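Starting from the given sequences, assemble the full structure and let the hints guide the process.
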Amino acid sequence: MALEELYKEVILDHYKSPRNKRSVPGAELSCSKNNPLCGDEITIHAHLSDGRVADVAFEGRGCSISQASASMLTEAVMGKPVGEAEKIASEFRSMMEGKLEPDEEEFGDLVALKGVVKYPVRIKCAVLAWDVLQDALSGAETPTSSPQSR
Amino acid sequence: MARIVEPRAEALDVERIRKDFPILERTAHGKPLVYLDSANTSQKPRQVIDAVTEFYERHNANLYRAVYELAEEATAAFENARVRLASFVGAPDPSCIVFNRGTTESVNLVAHGFGRKFVREGDEILLSELEHHSNIVPWQLCAEATGAHVRYISLGDDGLLDLRGIDGLITERTRVVAITGQSNVIGTLPPLERLAEAAHAVGAVILVDGAQLVPHNPVNVAQLDIDFLTISGHKMLGPTASGGLYGKRELLERMDPFLGGGEMIMEVFPERSTYKDPPHKFEAGTMNIAQEIGLIAAIDYLEALGMEAVRQHEKELARYAIERLTEAGAQVFGPADMELRGGAVSFWYKDIHPHDLAQVLDQDGVCVRPGHHCAQILMRRLGVPATTRASFYVYNTSEEVDALVAALDKARVIFGA
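Protein sequence lines correspond, in order, to chains A and E. Take the first sequence: its position 133, counting from 1, is numbered 145 in this note's numbering, and each next residue is one higher. Take the second sequence: its position 20, counting from 1, is numbered 45 in this note's numbering, and each next residue is one higher.
It is worth saying that the hints were derived from the structure and are not from the lab. For clarity, every value in this text was computed on a predicted model and none was experimentally measured. The beta-carbon is built from N, C-alpha and C at its ideal position, and this holds for glycine as well. Worth double-checking, as some hints may not be accurate.
What the hints assert, rightly or not - Below, simulated SDA-like cross-link-like pairs (lysine to any residue); rule was C-alpha separation at most 25 Å, straight line:
| # | chain 1 | residue 1 | chain 2 | residue 2 |
| --- | --- | --- | --- | --- |
| 1 | A | Lys136 | E | Ala53 |
| 2 | A | Lys45 | E | Asp376 |
| 3 | E | Lys435 | A | Val22 |
| 4 | E | Lys142 | E | Asp250 |
| 5 | A | Lys28 | E | Ala442 |
| 6 | E | Lys435 | A | Val129 |
| 7 | E | Lys340 | E | Asn245 |
| 8 | E | Lys375 | A | Ser29 |
| 9 | A | Lys20 | E | Arg437 |
| 10 | A | Lys130 | E | Pro57 |
| 11 | A | Lys130 | E | Phe440 |
| 12 | A | Lys20 | E | Val430 |
| 13 | A | Lys126 | E | Ile439 |
| 14 | E | Lys375 | A | Glu21 |
What the hints assert, rightly or not - Restraint-style ranges between C-beta atoms, simulated for each label pair:
| # | chain 1 | residue 1 | chain 2 | residue 2 | range |
| --- | --- | --- | --- | --- | --- |
| 15 | E | Phe143 | A | Arg73 | 40 to 48 Å |
| 16 | A | Glu40 | E | Asp376 | 32 to 40 Å |
| 17 | E | Gly354 | A | Glu17 | 23 to 31 Å |
| 18 | E | Gly441 | A | Gly38 | 30 to 38 Å |
| 19 | A | Arg73 | E | Lys142 | 37 to 45 Å |
| 20 | E | Gly181 | A | Arg73 | 20 to 28 Å |
| 21 | E | Asp182 | A | Lys33 | 27 to 35 Å |
Spelled out as structure tokens, the structure:
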């Protein structure tokens, strides 16, 4: 297994020049999680408007896989209806479990993370941001539960 | 010309040693295996593997309870392991050795059997910022149950424990001092004799986490005058789940049992039971028989090399590694004085996250450990989320350090650092 399949150029690009790594002023959704194994930390901020993810960004630190995945996430769900964002999150999870062959058109840069499947220890790193997103969005649907940082 | 020659242990014949370790013949990703993770678990020589196999092939039976020849052989071999381990750490008597899975179980045993019985509300349990989670969490549980407080000796910027305020930390309120014998992350060797003396002066007991100390240094519990020493057999060439606890006999006698069950009792009545004397009071259920017997072969192996020589070899390798890593631009943590540190070398390299770094090294067959090393309090003190750690043992060579440094450069290229 060649290292290039894990550290694809597009992954390193997102790691070195992360997209939407910032805060979102007035974000009504803000969720954090960490991966105690690596010390990866991800916070996702999102602003919803008319049932869409009007703005989404992340903050955090950690390994290249966790940070690149978060960066790609923001691009993948930006402007999407909430339902579609959730669908992408669930499909991404299936891809990381090796159960789904991604549609390259739909998945874009995210396809690059498929190589992580062959490194079981690192799957958690790739999925972390998506866990946080799903927590944030599920908080949005049930306004009684407050999506607090943990 | 007159010269004072320091008594120096004979250098290890590493080339010959390596031939005893079958796993070192294999490759990883098509490259020779460079195993630099012995602080995590050590590799096993053929002699240990054979001893375990021979036990299962020739002597396998449960202990104590049968009258046939096999069981007598198994029991004799198991008790011989106790004799050998006692002598290896300088214990006055084999009955001071309790067998269990190693350090984690041993600290839990003492935190429960001694802590819950003798620690009272308002008492203090003194740890250090160097500790592994296995020497923190059991004491937190004990403090929660008893109303005691956990305090910490802080770590100085020089990687050594800051003992300037020790008189304010070890006081009449201190009931237990629990301290690592050698840091699993940055190698620090705390002054155990001094801490034991200070603990005893206020009537406290001292437990030494020997997970890293015992495999890599000559240890004599009587000389150190420590009350408890934890021993992890799998880190000293022995099988996994071998090793256990040294405890002063009078303390083991006064302590409560830890796990209840078969073989630790004298008599069982409907409402209560009476217990065997130590060490059997602490050995409930079927023990790790083959593992403890395998540990004899590990002790044989280390004694033949000589623990002074083992320590010397690792000191030289660590010194070389620190030098090469620093040249390569890594920040190495821990004491600079080799006399005050062991062979666990943790570093931070050019802002490449340790998990990424270790992944690239793995591709070259170099096994190191990335992460917080079960020492999150220490990570916060060092100001890093994780480190990469290379650790050495009797089979490692300076060429392997070179392989590590060469592989680092590949990571630098990939991550453009």
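*Which of the listed hints are not met by the structure?*
Every hint satisfied by this model.
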